[in-house]
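> Single-letter residue listing:
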Amino acid sequence: MTDIIGASAATLAEMIITKNASSVEITSAFLDRMEKLNPKTNSYLHINRENSLEQAKNADKHLADGKPLSALHGVPIAVKDNLTTTDAPTTSGSKILEGWVPQYDATVVAKIRQAGMPILGKTNLDEFAMGSSTEFSAYGPSRNPWDLGRIPGGSGGGSSSAVSGHLAPLALGSDTGGSIRFPAAVTGSVGAKPTYGAVSRYGLIALASSLDQIGPVTNDVMDAALLQDIIAGHDPHDSTSLPNSLGSMTNAVREADVKGLRVGVVKQLSSDGFQDGVKERFEDTIEKLTAAGATIVEVDCPSFEYAVAAYYLILPAEASSNLAKFDSVRFGLRVMPEGNPTIERVMAATREHGFGPEVKRRIILGTYALSSGYYDAYYGSAQKVRTLIQQDLAKAFEVADVLLTPTAPTTAFKIGEKINDPLAMYLNDIATIPANLAGIPGMSVPNGLAKEDGLPSGVQILAPAMQDAQMYRVASIIEKLYVSEWGAPLISQAPDLEVL
Amino acid sequence: MSEITPDLVRHLASLSRILVTDQEVEQFAGELSVIVDSVAMVTKAVSGDVAATSHPIPMANVYREDVILPSLTQEQALSAAPDSADGRFKVNAILDED
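Residue numbers (my numbering), protein chains in the order written: chain C, 30 to 529; chain S, 263 to 360.
Some clues are possibly wrong.
What the hints assert, rightly or not - Here are a few chain S residues that face chain C, going by a calculated C-beta distance under 7 Å:
1) 277
2) 300
3) 351
4) 356
The set of hints was computed from the structure by calculation and includes no laboratory data. We put the beta carbon where it would ideally sit given N, CA and C, even for glycine.
Work out the full structure: start from the sequences and follow the hints.
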């Protein structure tokens, strides 16, 4: 079984197709490990044992019948718990949705089912994806497999800890300001946020609709490409879904070549505010790319200075309206105050009990930002900053094919370290937020361990909108440069979770 | 320093349909003041003639054919409701009796 746990999703798919292992064997191996180790990492809110084994059995039958197979046929996958699934509860990390089993599958869930991928379980997240550590989950924080006293990033810390701890070969995440990329960076895994609209958001419990995007969480770049190719594509259920295909990410990875590559380093995101070891790793990545033949240019993105501020106006504004649907009427929790209360009092009591502190904070902040008298100054200005950021990026992409930044300002911090300082927590996303504001693709790839604490660090690759293939190309180049140095992906250096 | 007073927090919470305790009001007033002071820098970022971006990838007039597609049955739609009666969602009175 050791050849199953730790193998890449691509390798597992190969084992299935060559009949060296069945989907049932592989799925069982992961379920056993999940049941044993999830108490340590709290990666999963729900383990989908019976249904996933049934799905694995069907995948094996499909293969035996000689039917056409997807590139990841039979490979089991973990799903972030803000994606609706008809065969498992969907809580979005909130008490207000405890026990809710949706009546429809998210489009990405339907697509992975179609691809013959059994669903291992639902992964933990900060409540409604609001946070960067999973400490705001109503069901307790997930823990980082590199050091169980530290956060696995957020909001998708359930998916990142599951994948980096080999409690799943790969997972789905969602990224509104960095919720796929930041967790990937601090757990030594790979995470990609596709171009806005490349993947349907139908069935994703919305946080901020103009920023949210679903993407892959994996242990290597090829697995991410394979998964993006499965989940991408137009969906009539999502009116913001792109009408055109962005091509094959898998081909981009296979054909990756450094020849002629122009790499931009963002002046505003390369020095100040980054931990020394993270900076040192980033410089190392740039040196490696230079040695391999890439041209490095410095690019100036002055409006990035305003990105976090704009984000924390736009996000709460959109979230406060998106979360109005949790009103105790159609689904979810209902709390009855004493006496004969009006519906309004029932709603207020339900939302008081059902929402945690960060969700309340952001709803109240969003309500403030949208209120008359402040709307133009705050929300209006934030939307203009979005335009300025797009203009900065357009200029930068005239001289560079991709931009690189460190993914996160620090390595994984300790659980509890930032929980009482919302503003400090918000700054974790300083390098990832511009991509969401501009709608461009962004991806984090491991680039080593920080010298001062021995914890993983990541490099972020940003590409122009719709050029996800260019991002995967560069991710693959960087991965190859490091794997040739390390002999194996970074994740192979992680401690053994069984003895932690 | 911004003026996120306890009274303003109470008002915003009431608009948001969230009951808040006195302790939460004090806590949020302090935290939100710090956050608003920090995000207020956006007002200095832009001068007049910059267009607002509400959506990162502009798309307009996204239509589909006007055909009936499968949707949830009434039973499915009501299946997760805290309370229902006669095929409808059931809620408390909207208006006070007095």
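> Please go over all the hints and tell whether each is borne out by the structure.
Against the structure, the hints come out as follows:
1. 277: holds (5 Å)
2. 300: Hint on residue 300 of chain S: holds, closest Cβ of chain C at ~6 Å, below 7 Å.
3. 351: holds (5 Å)
4. 356: holds (5 Å)
Consistency with the previously given hints is maintained throughout, with no hint failing.
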